[in-house]
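Peer 1: Given the coordinates of chain A, assemble chains B and C onto it according to the supplied hints.
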Amino acid sequence: MTTATRGTSAEGTATDLPRLLPASQQPQDWPAHHARHGPIPYRGAPGRLIPDLRDAGLTGRGGAAFPVHRKLAAVLDAATSRRKTPVVIANGAESEPASDKDATLLWLAPHLVLDGLQLAAEAAGADQAILYTHAERREDVGKRLRQALMQRRAAGVERVPVELAEAPPRFLSGQETAVINHIGGGHAIPTFMPPRVTERGLEGAPTLVQNVETLAHLALIARRGPRWFRQVGTAAEPGSTLCTIRRADRTPRVTEVPLGMPLRDLLGPLPQDGAVLIGGYHGSWVPAGQAVRLTLDNQSLGTAGARVGAGIVITLPPASCGLAETARTVRYLALESAGQCGPCLNGLPRIAAALVELAGARPRRQARADVERWAGLVTGRGACHHPDGTARFVRSALITFAAELDRHERGRCSGTSRQPFLPVPRGQARTEEDWT
Amino acid sequence: MLANVSRIDSTTALWYASRATGVVALLLLTAVMLLGVLVTRQGRLPGLPRFAVTGLHRNLSLLAVAFVAVHVLTAVVDGYVDIPLTAAIIPLASPYERLELGLGAVSLDITIAVIVTSLLRRHLSRRVWRGVHLLAYASWPVAWLHSITASSDMLHSWMLAVSVGCALAVVVAVSWRLAAAARDVPRAERVGLLMSAVHEATRGRERTTRR
Amino acid sequence: MSERLVVNPIDCAGHGACAELLPEMITLDEWGYPIIDGRPIPPALDKDARAAVSACPTLALRLLRS
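Chains as they are written, first to last, in this note's numbering: chain A, 1 to 436; chain B, 437 to 647; chain C, 648 to 713.
It cannot be assumed that every hint is accurate.
Claimed, not checked - Examples of chain A residues toward chain C, derived with CB under 8 Å:
(1) Cys-341
(2) Gly-342
(3) Ala-383
Everything labelled a hint here was simulated from the structure, so no lab data went into it.
For every residue, glycine included, the Cβ atom is placed at its ideal position computed from N, Cα and C.
Here chain A stands alone, though its shape is the one from the complex (with noise of 0.2 Å):
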């Protein structure tokens, strides 16, 4: 489901959204997109689309928000002083339970997607792109993406051959240098940068990571210019944001929006003593009544220690408590837990009992220390930034419901509804087979 909104730009004209995904709520094929956005504009040599993109000021839309042109930049240099031709990846993983913007992007405006992917291969001076997409997510993406391919080729508009990868439905399968160790033929877990990927990844050629949504932007910018991308969202973060928003009635929507939108807009009207999750699960926590004077950009997310990240907004019902649903997904984090590092396959286990503990009654006084500290411990000394987003997550829930912790200690709960919310996966990895 996506809602159009309209959304104010910096000269205060209103501009209709939504940009990327069709107003008419249908999957564009080839000839529906080529009649509403034309022809790809290919800039006929390497590097040229990059000015635009800077003048724009696109980031990533994948969760990092990292300024799309520098990676080009970066990829670009990489190709001529080692003399690698790269490659380029459109990560449609979206391995983050929650969220649901990139499977809805691929399956409404697939050849958006594309676009961008040829764009941005050419910018990169690339010969070879992959779309890589979860394999559990939607069961027809994989036929919708093959024939938009054809469909593609058969009017001629395809100048780098592009191949479908699957993501095996892991929650670190989206990660950067998990996505490559996968295509490269090994398991989707990470692996330990330096050097990045950008310098050395896929076969050793540098490869250039981005999420689908960011190379539907781009590919939009492209035809209308950094102006037009400017003309919504804020001075510093412009640009609008495919956003997933699960309120209390849970049906999630993914909907597209001008970043700096106040969240009150966007959630509605909110619970006094509520709380909202802000970025997914390796977002933040926020109680409701310092939400409801945020608006979605870093600038303003960023004073109460949040993050845009991948769009990812969700309203906690009054009827359930923030650290059973807080305890349930560490528990699902920590079994996804590639194994790898010590600190993270020690920590997260250890994190998730405790939590457990707290969200039961009368936990042990040690338990919520035992948590600081090893939230502490485990940030940062990953291969990966699992381990950080995890610790992050939960501090945060320490804070924002740190008057529930205290009830949890006398007996009480002011959950009335023992009804799991937060969607998470049933199931664990359990062999190698599991990850490839």
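Peer 2: Here is chains B and C on its own, set in the frame of chain A:
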């Protein structure tokens, strides 16, 4: 050969020195092998700090090469039999005991490669270093074969005990290493295992604190 | 030319030889894994740092030029 020599002279002294240093080299290389196996299992030597295992492994290997150098030089310098210096590293270059000395040359070549790649570790990829180092598992048996074929001494009295003892020690160590590796928890299962263990520990604690 | 200590957490098996040789910059956490001080190595500790890198059985500890 030596039965024909009826008086002690410099030739005999050199020959004895070559055999003696050869035995010591074999003992040292055996110790290096055992320590190497200990390093791969992150084991410790009782009473010694952790860095002692890698330190000893490294230093004893250098000492072993020193003894091999003397072992080779004394055999070459001794004029009783004609062994060219090149036979130390080029297999089959010696007209005397061609095959037996060839084994020694092969073993020494591998040992030199292992030591050189280890000294240059910082500049080599992990894969290259590891690949060469694994050849050490071939180097030791070849050295042992050289020792029991190049001179019949190793098959008599206490020398036999040394030959057999070294072989036994290496076989036991390598078998232990393989068995222990087979018992290692595969990476993918570590987290699940730890989660269960921690869960059990928490449950246990709850039971004991509940009144 | 300053250098920093970096550990590859995937290769690190928590052997702990590094912490013995350079306790000023490496301590072990409660699970036996090294907590590395990532600041540039002072010249006085340079020799010990190199010894620590050498002593790592899995080659996880490295010196990075910055």
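Peer 1: So, for every hint listed, does it hold in this structure?
Peer 2: Each hint, compared with the structure:
Using the Cβ-Cβ criterion of 8 Å, the hint placing Cys-341(A) at the interface with chain C is satisfied: the shortest such distance is roughly 4 Å. Interface hint at Gly-342(A): satisfied, since its Cβ lies 4 Å from the closest Cβ of chain C, which is below the 8 Å cut-off. With its C-beta approaching chain C no nearer than about 5 Å, Ala-383(A) sits inside the 8 Å limit, and its interface hint holds.
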